[in-house]
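Novice: Just so you know, the protein sequences line up as chains A and B, in that order.
In this text, residue positions in the first sequence follow this note's numbering: the first is 119, and each later residue adds one.
In this text, residue positions in the second sequence follow this note's numbering: the first is 119, and each later residue adds one.
Since the hints were derived computationally from the structure, they do not count as laboratory data.
Incorrect hints may appear among the rest.
For identical chains, the list gives no copy identity; a pair is met inside one copy or between any two copies.
Keeping only pairs whose Cα atoms sit at most 20 Å apart, straight-line, the calculated SDA-like set for lysine to any residue is [unchecked claim]: (1) K179 x E266; (2) K179 x S152; (3) K179 x Q198; (4) K179 x D133; (5) K179 x R153; (6) K179 x G199; (7) K179 x L139; (8) K179 x P323.
Just so you know, these numbers come straight off a predicted model, no measurement behind them.
Protein chains: 2
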Amino acid sequence: MSETQPRRRGRPPGDGREAILEATGDLLRERGISRLTTREVAARAGVSEASVFYHYGDRAKLLQAAFDRGLAPLLAIAAQGEVAGADRHQVLERVGRGIERFLMEAMPILTAAQSDAELRDELAAMMSERDLGPHRGVSRVGDYLAAEQAAGRVRGDVDPHAVAASFVGTCVMRAFQATMHLPTRRLPPLSAVIDALDTMLEPPPG
Amino acid sequence: MSETQPRRRGRPPGDGREAILEATGDLLRERGISRLTTREVAARAGVSEASVFYHYGDRAKLLQAAFDRGLAPLLAIAAQGEVAGADRHQVLERVGRGIERFLMEAMPILTAAQSDAELRDELAAMMSERDLGPHRGVSRVGDYLAAEQAAGRVRGDVDPHAVAASFVGTCVMRAFQATMHLPTRRLPPLSAVIDALDTMLEPPPG
DNA sequence: GTCTATAGGTTGATAGAC
DNA sequence: GTCTATCAACCTATAGAC
Chain A
119 MSETQPRRRG
129 RPPGDGREAI
139 LEATGDLLRE
149 RGISRLTTRE
159 VAARAGVSEA
169 SVFYHYGDRA
179 KLLQAAFDRG
189 LAPLLAIAAQ
199 GEVAGADRHQ
209 VLERVGRGIE
219 RFLMEAMPIL
229 TAAQSDAELR
239 DELAAMMSER
249 DLGPHRGVSR
259 VGDYLAAEQA
269 AGRVRGDVDP
279 HAVAASFVGT
289 CVMRAFQATM
299 HLPTRRLPPL
309 SAVIDALDTM
319 LEPPPG
Chain B
119 MSETQPRRRG
129 RPPGDGREAI
139 LEATGDLLRE
149 RGISRLTTRE
159 VAARAGVSEA
169 SVFYHYGDRA
179 KLLQAAFDRG
189 LAPLLAIAAQ
199 GEVAGADRHQ
209 VLERVGRGIE
219 RFLMEAMPIL
229 TAAQSDAELR
239 DELAAMMSER
249 DLGPHRGVSR
259 VGDYLAAEQA
269 AGRVRGDVDP
279 HAVAASFVGT
289 CVMRAFQATM
299 HLPTRRLPPL
309 SAVIDALDTM
319 LEPPPG
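Model the full assembly from the supplied sequences, consistent with the hints where possible.
Specialist: As structure tokens, this is what we get:
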């Protein structure tokens, strides 16, 4: 993590550990967890298979490490502060893109875990414990809309968190579709959804 | 499929083919595709492993058959007619529950396919060819809202299909969360989202 | 830390009797 | 159609040299 020496270009010689983790993540996304063998990982990382086990003990621990890294964006977005900004439309645009981007990184991990009940349950336990999940995004956006509502800039007769759920849900749907390698072009663009929600959130004149 | 004889109770003797397919689906949902071995399938179906290969040729074709069956609800919802009804709130409630129910059935199949690039790409090709996906639900709900808009029962300054996307997205998010065995209780209930959208869709008085 | 070589176990698939 | 028995391939993991 911390280095006093100036960084050199390329991978430091002998840093097989990092190369292995990177190869694992790449294979996980490209070929899927079923095709993820320690053989393939070693080959792509340019090391021997024994090195994989030397560094990570067994396949399960290697997967765990790859999952931890792959879910980092999910932790990052959860750790972010409050949502704020002058223009509501711009705020939703920025937050929505962020959620989609984060989900696109994490989604392959989430779906990969579904291939094995043990992995799935471990992941579910971890996420429950840390209170992770889409509801975090919903809370963040919902709190923002609630503040806007309190300031009189959002109509008072709707539940801000319910609207936030529909917004985050749109992002989840789009990310899920993209992860499955299905075209998202048949879905309304995110900006259109933001336009509609933004318009409907406007307080009635008078 | 068609039988002139009166049906007997229970599984007909010697219908191993059906038992195998059922066992495959069960294992797929319960333990995940990585743990789905022909051995386990045979054991749960109460037949020998050779029977599995006799009926389905190889593991890939067995999976294909299980996928076809598991995605039937997706085909069913796509084949449904137009959405209609007197009360908009009730219509959204009914359609939303339907989408959630269908997705809860199909989601394990969709995520299972992500474990193998070959399966994933085959599924994506099949869905593209048949024009399947969340956008079908979005279209159906969007067309309904557009009709309501034309009838003056939905405000005219929003894109009905964009609102429909946010609605279907909510259902996708909830189904995805449930499939991952994460609690959906931290998300706003679907009825709250319907309430909010319904309220916001109301045309301004006057 | 990294390698080669290999043990040990699991899996998909086939052969042949009934 | 269903079974038992078996095989070849593959995968995880370890041993031991460098």
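Novice: All the hints need checking, so say for each whether the structure fits it.
Specialist: Okay, the hints, checked on the actual structure:
{"no.": "1", "hint": "K179 x E266", "result": "neither (45 Å within a copy, 54 Å between copies)"}
{"no.": "2", "hint": "K179 x S152", "result": "both (16 Å within a copy, 17 Å between copies)"}
{"no.": "3", "hint": "K179 x Q198", "result": "neither (28 Å within a copy, 46 Å between copies)"}
{"no.": "4", "hint": "K179 x D133", "result": "within (18 Å within a copy, 42 Å between copies)"}
{"no.": "5", "hint": "K179 x R153", "result": "both (17 Å within a copy, 18 Å between copies)"}
{"no.": "6", "hint": "K179 x G199", "result": "neither (32 Å within a copy, 49 Å between copies)"}
{"no.": "7", "hint": "K179 x L139", "result": "within (11 Å within a copy, 33 Å between copies)"}
{"no.": "8", "hint": "K179 x P323", "result": "neither (59 Å within a copy, 61 Å between copies)"}
Comparing the model with each numbered hint stated earlier shows that hints 1, 3, 6 and 8 do not hold.
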